[in-house]
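Peer 1: Everything in the sequence shown is counted per our numbering, starting at 1407 for the first residue and increasing by one.
Hints in this document: simulated from the structure, not taken from any laboratory.
All of these numbers come straight from a predicted model, not from anything done at the bench.
Misleading hints may appear alongside valid ones.
[Said to hold, decoys possible] With a Cα cut of at most 27 Å, we get these calculated DSS-like pairs of lysine-lysine:
1) Lys1541 / Lys1498
2) Lys1566 / Lys1541
3) Lys1556 / Lys1498
4) Lys1558 / Lys1485
5) Lys1514 / Lys1541
6) Lys1558 / Lys1514
7) Lys1556 / Lys1541
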Amino acid sequence: MIRSFSRVLLREKLKQRKNNNLMKQLQISLLLIAALSLAAASAYAQAAKSSPAAGASASPSTPPTIASAIDREISLVEKEVVAAAEAMPEDKFDFSPEKLNLPGSDYKGVRTFGEQLKHIAASNYLIWSPITGEKPPDTVNDGKGPDNMKAKAEIIKFVKDSFAFGHKSVATLNSSNLVEPITSRSGRQTTRLFQATFAAAHCFDHYGQMIEYLRMNGIVPPASRGQ
């Protein structure tokens, strides 16, 4: 009797914990909605202010949406990642800080520049795919990307294709499905809004590492040139 009661209590605790996690996800998603709405409204107002007065016959501009605001952020990180990838010479795509043997450092086993890019692309597919339920390509290889993909042009195409997948996924977002509970590829309860924005944040994380790789090879990142 006691054991049976204990099992019931354990199940209830696990259920409560799952519900609490989902509520946290929803709260985060609602905060993201508010932030993105403000950003979209601000951008729209600024664009309207800077544009010349339209004629009476001209049609009004289309107001921004949550989907278009998120898509804008994706376009921003896509531009930076692709530019950084194109700036690195092909013979440096196998570079990692481990090769420098810096005193007091521990870079053993860290990703090479090319592996960073493949990880970004593969993760884009994995993170964005639950938004629509579309199956990611088999080449994602558990977030690593194709092992046999080494050429610079192939890797950059893999990255660009993953961002195209993201743009297509985010275009399906609307006020009805933004915070609707869905399941991530790892089996975690999440929302479409969280998946859409987390992918962009993840890209920026690895973009920062790519910038360090460029500078370690004496290359000024494209975003910093002329400053």
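Peer 1: Are the hints correct? Go through all of them and say.
Peer 2: Taking the hints in turn, this is what the structure says about them:
The hinted pair formed by Lys1541 and Lys1498 fails the criterion: a straight-line CA distance of about 32 Å is larger than 27 Å. Proposed proximity of Lys1566 and Lys1541 is supported: the alpha carbons are some 18 Å apart, at most 27 Å. Proposed proximity of Lys1556 and Lys1498 is supported: the alpha carbons are some 11 Å apart, at most 27 Å. The hinted pair formed by Lys1558 and Lys1485 meets the criterion: a straight-line CA distance of about 17 Å does not exceed 27 Å.
At most 27 Å may separate the alpha-carbon atoms for a hinted pair to count; Lys1514 and Lys1541 exceed this at roughly 33 Å. Of the supplied pair hints, the one linking Lys1558 and Lys1514 holds, its CA atoms being roughly 23 Å apart against a limit of 27 Å. Pair hint Lys1556 plus Lys1541 holds up; C-alpha atoms about 24 Å apart against a cutoff of 27 Å.
Going down the numbered hints, you'll see the structure goes against 1, 5, while the others check out.
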